[in-house]
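Following the hints, position chain B against chain A.
Protein sequences, first through last, are from chains A and B. Each residue of the first sequence is one higher than the one before, counting from 1 in our numbering. Each residue of the second sequence is one higher than the one before, counting from 1 in our numbering.
Treat the hints as calculated values from the structure; they're not laboratory data. Be careful, since some hints might not be right.
For chains that are exact copies, the list does not tell them apart, and a pair is met inside one copy or across any two.
In silico DSS-like links for lysine-lysine, alpha-carbon gap of 30 Å or less [what the hints assert, rightly or not]: (1) K106 with K82; (2) K82 with K128; (3) K100 with K4.
Number of protein chains: 2
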Amino acid sequence: MRVKWDCEHIEAVVDQLDFSKLNGLVTVITQDWHTNEILMCAFANRDAILQSLTTGLATYYSRSQNRLWQKGETSGHIQEIKEIYIDCDDDTVLFKVEQKVAACHKGYRSCFYRRLNENGELDLVREKVFDPSEVY
Amino acid sequence: MRVKWDCEHIEAVVDQLDFSKLNGLVTVITQDWHTNEILMCAFANRDAILQSLTTGLATYYSRSQNRLWQKGETSGHIQEIKEIYIDCDDDTVLFKVEQKVAACHKGYRSCFYRRLNENGELDLVREKVFDPSEVY
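The shape of chain A in the complex, shown without the other chains (with noise of 0.2 Å):
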């Protein structure tokens, strides 16, 4: 089951948020809500958290292309919103999420796939679940 809020709400929800602090933005944490680990970071502003809200689907703001982009509209790789938490001092919002097969774009479950060693290389720390040339 999706968390969802109604329309009565809403504005209840969005008004907790600090979206001055990243001209219109608050950062998001992605965690799987089975196992806590880390899925990925990205930003929302006001429009994306609404979204998030009325649909129970984590919604963000892409940066790069200036627009609302629900994870997994493309891919499937949907996540449902389990679990809303937001920071003390009201700027970053915690989805925990039911995410469907992975969220990182380049086939891993969480997009810290990487870890550094103590050469200040980049350790591959992760299998690959899904190939991304057959999803995108």
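The following block gives chain B in isolation, referenced to the frame of chain A:
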């Protein structure tokens, strides 16, 4: 034991990162090394990353004060870095840390101590672990 990098490799680490999207900053998510709880979200410039790497202690850039800020410099609630991950597009860093006492200046272990309920209100879902008036 803290993770540290020696001078020889530091530039290689910093050169992995893309500071261009947020005017010289990257987003940093800080996660509890033991429980995977998300503790906080902040920003770092190049110097903050360098200081984090050489000291092994999480150091951020304060946008409000325009200066480096080593977490715990006032409170003693330092964060020893255990692992560092970088996301797929190189603009977000994940510190996995050993958190002393608590991450949030409001007295909670995590800054994400409030969860949205179906009425659009924030419920307090964590217990305070210290009294901020005695620490700051």
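query = Which earlier hints turn out false for this structure, listed by number in ascending order?
reply = none
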